[in-house]
Structure formats: C-alpha cells, structure tokens
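Chains as they are written, first to last, in this note's numbering: chain A, 1 to 161; chain B, 162 to 276.
Calculated from the structure, these hints are not laboratory results. Glycine included, each C-beta is placed from N, C-alpha and C at the ideal position. Keep in mind that a hint or two might mislead.
Stated by the list, open to error - Partial chain A-side listing against chain B, Cβ under 7 Å, derived:
| # | residue |
| --- | --- |
| 1 | G76 |
| 2 | S128 |
| 3 | W132 |
Residues per chain are reported as follows:
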Amino acid sequence: MLVKLSSSALKETRWYEYAIRFVLGGCATVLAGAIGSQFGVSVGGLFLALPAIFCASATLIESHERHAKEKAGLSGRRRGQKAAALDAAGAALGSIGLAAFAAIFHATVGASIAFAFVAALAVWASVSVSAWWVRRKLRVTRRSHRPARSPSAKRSRFVKP
Amino acid sequence: MTEYLVRFVAGGLIVSVFAIFGDMLRPKSFAGLLGAAPSVALATLGIAVVQHGPQYAAAESWTMIYGAIALACYSLVVCHLLMRFRLGALPATILAFVVWLVVAFGLLAGLGGAA
Chain A
1 MLVKLSSSAL KETRWYEYAI RFVLGGCATV LAGAIGSQFG VSVGGLFLAL PAIFCASATL
61 IESHERHAKE KAGLSGRRRG QKAAALDAAG AALGSIGLAA FAAIFHATVG ASIAFAFVAA
121 LAVWASVSVS AWWVRRKLRV TRRSHRPARS PSAKRSRFVK P
Chain B
162 MTEYLVRFVA GGLIVSVFAI FGDMLRPKSF AGLLGAAPSV ALATLGIAVV QHGPQYAAAE
222 SWTMIYGAIA LACYSLVVCH LLMRFRLGAL PATILAFVVW LVVAFGLLAG LGGAA
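Whole structure, please, built from the sequences with the hints as guidance.
Next comes the structure, spelled out in structure tokens:
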C-alpha cells in the first residue's frame, strides 16, 4: 500500500479530541520549560522527547477503530488494540528520526539557528521515512521466505497496515 | 507568566498540526511516525534559542537524544503490552511511562549531559 493523505479521516475526529491534544501538547511544552528552569538544561532536554500526547493519540485510535467495527455489529476491542499497536510501532521508528533531529540540531545550532531548525527537520523526516521503508521491505522479504500456511493462518497479527 | 502562556500556545499549536497530519496519513504504521514528531522540541528549542542563546539550546538537544532513545523503548513496550498482554491503549501508555523515565534518566546518569 502506498502512503496516502486523506482528509476523510478528519471527519471522524470530534472537536474535543483536537482540544485534548492541543491542551496536552501545550502542557507538555510548559512542563519541559519548567523542568529545564528548575532542574537544569540536561534534565529539561530529556523532556523534549516526552511521549506527552501519545497516550491521547493511541486511545483515540483505539476508540475510532473499535467504533468502526462495532458499527458493523462485531466486537472491535481487539481491532482497536491492534491499530494502537501499529501506531506505537510507527512511533518507535519515528524515535530514530527524533534522535537524528536532536543530533543534527546539536551539531549545527552554533553555526546558524535557522539552518539548524531546517536541517534537523529535514533529517527527522528522511530518517523516519527511511526507517519505516526499511522495516516494511524486511517484513515483505521475511513473509515471502516463509513456507505456505493455511489461509486463516496467513492473516497478519496486526490490522491491515 | 507570559512566557508560560507563549509556551502553552506554541506547543499546543505545533502538536495539533502534527496530530492532524498524522490523522490524515495512511497506512497507520506510517502515520505512527508522527507520534515521535519533534513538536514539543520545536517550540521549546525555539524559545530556548531566543531566551538563552544557541549554546543552551545545543546542550538541551544533546540530552534530547537520550529522551528519543527512551521514547523508542517506550513505544516498543506499548506495542507489546497491547499485542501480547492485550491491555487497553490507556493503561498500556500509562504503564509504559515508567520505562521512559527509567531509560531516559538511566542514560543521563550513565552518560551525562552535554559538556
């Protein structure tokens, strides 16, 4: 499946779900600043990679998937868990990009502030996408080398990615 | 007070933009990449550069690498709690936060901050 950008998913999200993420994001940024002022720059830096809104995002994904399945008259609990797990797997790969963002910013901010932000964002995007692409290729290769199984056993443990 | 208000609005806006973008992306595993977007970092580092200068922001971004490694461990633990232990998303993400704290502070204690 190719990467797609679809605006239809936005219709499923209610206004208060955006509000929750805005408030959590704002609180995480205030917390990172407050901890930096209170405990020093080293401890404050850790909180720049705080999984602040991950909790809200995963819960929303789980509830959307569960409701979609329940609309069809089926239990959506497991489907919701699998969708949230896929999101978490993506975030694990994105963390490699986040570490690269921090490393590039650290190396370049002394030379030029604007360049440091642009370069760090570009490296974050390219490293994250590359990590996702490599994992996808490895999964496809592993699957194609597996012996044939019964049709029911062939189904992935995860929801369709 | 104004500083915290600016932090709140800037952080909230950047996080929301990445979250909306993540909602629109398919497949889900790709959209998950945005779960580790540098949203809090962009707002905080931007303010740090203006307030304290580039050296301060550089020191902050060094320990952010430890935070990012901790986030990778956190995400993997969440994934396993959901798939193997069949926990709901909310308890899984809250429980796994202990892992983030242990890894992040463990790396800081073991490797130290920026010189």
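A quick look at each hint next to the structure:
1. G76: Check failed: Cβ of A:G76 comes no nearer than 12 Å to chain B, outside 7 Å.
2. S128: 5 Å, holds
3. W132: The hint holds - A:W132 has a Cβ within 7 Å of chain B, the shortest such distance being about 6 Å.
Comparing the model with each earlier hint shows a violation of hint 1 alone; every other hint is respected.
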